[in-house]
Amino acid sequence: MGMWIFIFTELLLFGGLFLVYAVFRSQYSEEFHISAHQLNGFIGTLNTVILLVSSMTIAMSITAIQKGNRSLAFKLILITLLCAFVFLVNKYFEWGHKIRINLYPGTDLMFSLKHGEILFFSLYFFMTGLHALHIIVGMIILSVVAVKVKTKKIDTGRYVLLENGALYWHLVDLIWIFLFPLLYLIT
Amino acid sequence: MKAETNHITPYSVYAKVLIVLLCFTMLTVTATHYHLGAFTVALALIIACVKAGAVLTFFMHLKFDEIILRIFVIMVFTLLAVVIVITLLDYINR
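Chains as they are written, first to last, in the working numbering: chain C, 1 to 187; chain B, 1001 to 1094.
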């Protein structure tokens, strides 16, 4: 229950950002469309698939631990962590490209854009950045969980931490499910 | 916390949910190639909501959890939707 209340606060945090997005998009829909064209739709789609797969593997690890198969649970958590890492690597290349062409908040190129485009890219960097931060936090939590599974601190009888770690990971997935179409697919 | 621990979801259910999620991802990506006008955003949001629903129901075990959690989740999403709709109505009719 406590974990769920925490998840609700996270949903409302991102909900607020989606509200900002919705308002500015209704006001500058033309500029938002043009800007979204510059995002890499392929990386976005790839990252969506990666997150969905990782969400499944972490859910499966709960089944594994319930069935008493600790080594499988451990492997599934590792796969999840690997997926998270690949997600971040993709994000690095995606952001890296934008930073190389000077398209990030604070540069002259950004200031030369139209108002709506500045808003779009600021929101893009803030929302995906905050989401990436959640990925990193999720990775830390899942690493702790993995170690505890390995050292038998998490077992068939006690796996609340694994459950909550998994819930957090699904939350990260959930947010991306909304971020992806709204930022990458509005062309 | 303890009440939900007894149900074991088979691996195959998760695999099926993933396939459904991937299909919807493909659908939402393909939909961008067609010009649907104002419906584009609506369609993207509907698909996102369906995907979120699948993740919440199966991956996050809401289906087998206490009913009160399900009510809470629905309330939170309704709250967000209401806030966004009301704010948009205000901005659009200004």
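Be careful, since some hints might not be right.
List of simulated lysine to aspartate or glutamate pairs, EDC-like, C-alpha gap at most 20 Å [claimed, not checked]:
| no. | chain 1 | residue 1 | chain 2 | residue 2 |
| --- | --- | --- | --- | --- |
| 1 | B | 1063 | C | 31 |
| 2 | C | 148 | C | 163 |
| 3 | C | 153 | C | 163 |
| 4 | C | 114 | C | 31 |
| 5 | C | 150 | C | 163 |
| 6 | C | 67 | B | 1090 |
Just so you know, these hints were derived from the structure itself, not from any lab.
Here is how each hint holds up against the structure:
no. : hint            : in the structure
1   : 1063/B <-> 31/C : violated (41 Å)
2   : 148/C <-> 163/C : holds (13 Å)
3   : 153/C <-> 163/C : holds (14 Å)
4   : 114/C <-> 31/C  : holds (7 Å)
5   : 150/C <-> 163/C : holds (16 Å)
6   : 67/C <-> 1090/B : violated (53 Å)
In this structure, the earlier hints numbered 1 and 6 are contradicted, and the remaining ones agree with it.
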